[in-house]
Amino acid sequence: PNDEYDSPWKQLIEWYFEPFMRFFFSEAHAQIDWERSIQFVDKELQQVARDADLGRRYADVLVKVWLLDGSRKWIFIHVEVQGQVDAHFDARMFTYNYRLFDKHGPAVASFAVLADEVQDWRPGSYRHTVLGSTVHFTYTTAKLLDYGVHWAALEADDNPFATVVMAHLKNQETKGEPTTRYDWKFYLIRRLFEQGYTQQDVVNLFHFIDWVMRLPGELEHQLREEIVQMEMRLSKPYVSVIERWAQEEGRREGREEGREEGRKEGKIDLLLHILTHRFGQVPEDIQARLYSLTLGQIDPLVDVALAEETLTAFVAQLPPPTAESATEV
1 PNDEYDSPWK
11 QLIEWYFEPF
21 MRFFFSEAHA
31 QIDWERSIQF
41 VDKELQQVAR
51 DADLGRRYAD
61 VLVKVWLLDG
71 SRKWIFIHVE
81 VQGQVDAHFD
91 ARMFTYNYRL
101 FDKHGPAVAS
111 FAVLADEVQD
121 WRPGSYRHTV
131 LGSTVHFTYT
141 TAKLLDYGVH
151 WAALEADDNP
161 FATVVMAHLK
171 NQETKGEPTT
181 RYDWKFYLIR
191 RLFEQGYTQQ
201 DVVNLFHFID
211 WVMRLPGELE
221 HQLREEIVQM
231 EMRLSKPYVS
241 VIERWAQEEG
251 RREGREEGRE
261 EGRKEGKIDL
271 LLHILTHRFG
281 QVPEDIQARL
291 YSLTLGQIDP
301 LVDVALAEET
311 LTAFVAQLPP
321 PTAESATEV
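Heads up: the sequence shown begins at 1 in the numbering used here, then just goes up one per residue.
Read the hints as simulated data drawn from the structure, not as lab findings.
Among the clues, some could well be false.
[Said to hold, decoys possible] Here are the computed lysine-lysine pairs in the DSBU-like style, where the Cα-Cα straight-line distance is at most 30 Å:
hint, residue 1, residue 2
1, Lys43, Lys64
2, Lys43, Lys103
3, Lys43, Lys10
4, Lys143, Lys64
5, Lys10, Lys103
6, Lys103, Lys64
Given the sequences, and given the hints that come with them, work out the whole structure.
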């Protein structure tokens, strides 16, 4: 996994915390009052990590929830996603727990999602004995490899984390097999449209699948075209899914460069993908016209590219260059 392996995990847990707990930790989920508000308090977790000098961490969140039995107004739930074997993982989970205990008392529960590829690695407890004094800490885990034998159940499940687990497992299974990975990636993306998710859910899960199941550049380009074709065939309002993906990618590039040209190039790249797929090679003079437009002029053109029947009709809808666009990079 890449160095930011945890980031989309963290985003999804924060967006879909109730489905996350229901999918991975159903017994704990049943004891939480989901009618009451929950509160993410990651700043406290970050402070604990700094104080304990815990080094690099994976996706970790700290959440305050209400219990159904009313025994405590709040409890703290600490969740980690661990992407590789770590001999010190149990000790790290214990350190988090007792430092939170120091600050908040006994109302702390710890959970871990194990996303590694080693079947026999099964952390879940920490034990330390000195001169007859023993500390024994246990926590609840979910091993992603264990879900592979329940593939049919995953496919039938509309919980967002069923999709997350399938993408994760197929990414592991298709290492060194880009064509097979392509097939599974497209299948999982197509499944998003068939599951009845909201548009935002489709975008969120699309982003996770795209991030975890990396493809070589040529196959990635082919996949984009196949997704556009699928969206047109389905005639659903999801045509904005890949557009919004491009916008998000462009925004990330723009932030990295400190300029808007990343956003503009991302949008033009998407436009050219669509136009090439629908009408064949786009002449260089038309490409130059696209690059001469401002970002604001480019934004609505994806819908135009999907709606028009010919390249000529699309070109007729292009706005004329402005003084502003003439000076834009």
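A quick look at each hint next to the structure:
1. Lys43 <-> Lys64: Distance of about 12 Å is within 30 Å: holds.
2. Lys43 <-> Lys103: Holds: Lys43 and Lys103 sit about 13 Å apart, inside 30 Å.
3. Lys43 <-> Lys10: The hint holds at about 14 Å.
4. Lys143 <-> Lys64: Distance ~24 Å between Lys143 and Lys64 Cα, so the pair holds.
5. Lys10 <-> Lys103: holds, 24 Å
6. Lys103 <-> Lys64: holds, 14 Å
Hint violations for this structure: none, all hints satisfied.
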